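K.L.:
Residue numbers (our numbering), protein chains in the order written: chain A, 8 to 133; chain B, 2 to 112; chain C, 7 to 99.
Keep in mind that the hints were calculated from the coordinates and are not lab data. Source: prediction; values computed, not measured. Any given hint could turn out to be false.
Here are the simulated distance ranges between beta carbons [unchecked claim]:
#, chain 1, residue 1, chain 2, residue 2, range
1, A, Pro117, B, Glu29, 52 to 60 Å
2, C, Ser90, A, Thr109, 31 to 39 Å
3, A, Gly81, C, Leu46, 41 to 49 Å
Beta carbons are placed, not taken as given, at the ideal position from N, Cα and C, and that holds for glycine.
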Amino acid sequence: MIVDEQIKMKKVAILFRRAPHGSPHGREALDLALLSASFEQEVSLIFVDDGVLNLVKDQQPELIGAKDYIATFGALPLYDVETVLVCEESLLEYGLDLTDLTIEADMVSPSLITEQLSKVDEVLVF
Amino acid sequence: MNSFEYKGEQIETDHQGYLKQVSQWNEEIAELIAAQEQITLTPAHWEVIHFVRDFYLEYKTSPAIRILVKAIGQKLGADKGNSKYLYTLFPTGPAKQATKVAGLPKPAKCI
Amino acid sequence: MNLHHIQTSAKQDNALACCIKYMDKQDSVLLSGNGVNSLLLSQWRERLADIRVMLLKDDVEARGLSKRFKDYPLIDYDTFVKESLTHDKVITW
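I would like the entire structure built from these sequences, with the hints used as guidance.
P.N.:
As structure tokens, then:
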């Protein structure tokens, strides 16, 4: 029973840099985030570049035969994933602001993302 | 492909008995799946079954056990939000069994 | 200090651009596979000019680029492993 094992708490950052639905990366990234969080790792999510498009609200991926993992972002608070950083430059580039996003997130500068990448134990890029 | 018959219709499942189509589920089908799992459904079971099904329909994912325990605690009270209570209802693993009876896919890496 | 690993060329994927944008300038970059091709392009040589860059030797030689990259450190797999241990972590973009 895996549940009872003691697992060392690690800080894991999961970085989304690709657009959703064109590849499985976004869904895999979120699966890994939830799995890590359910084993009580301290998970933070970072959205940069095309990756910010994962968070656009009102998506209907099923129309193009893709799985609707976007709805699953809503479960992050239940998994105690509280750190969600979105690059302000990437948002600006796409003409988006926080009100266009499907979940609450912190809009941060690239240098703050650099800081986050340095202070966590592991970074996984999707 | 595994399947069972319900009112003359074939209901497809995966090899472990989880429904292939979430939308094919209804409470009678839940009773059939529960019988296969040797569970007699009580109101306490239904509360959890509806909870996991609502969770899935909102978030499009089946909750892992820790999350199930926590979210049930928040919604139905601390006396129900613990794994001991859930194991008395679903002896071979609450997340695994409740999602199966609720017509949902098997949660990833869970018991 | 992190070691950033890039396996794709800058023309093929945004990995290198993304890495440069968000990395700490004290970090190191390892280019392997088609990632080594980016250094053939002057714009990427310039953007990497102030950063410690290493190339995986086999990938450079396999592509016939040893002479072009004679000014860069070419490392073998053993050195890659050593480098990954002297950095806090490896980030694969």
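K.L.:
Would you mind marking each hint as holding or not holding in the structure?
P.N.:
Hint by hint, here is what the structure shows:
no.: 1; hint: A:Pro117 / B:Glu29: 52 to 60 Å; result: holds, 56 Å
no.: 2; hint: C:Ser90 / A:Thr109: 31 to 39 Å; result: holds, 36 Å
no.: 3; hint: A:Gly81 / C:Leu46: 41 to 49 Å; result: holds, 45 Å
Checked against the numbered hints listed earlier, the structure breaks none of them; every hint is satisfied.
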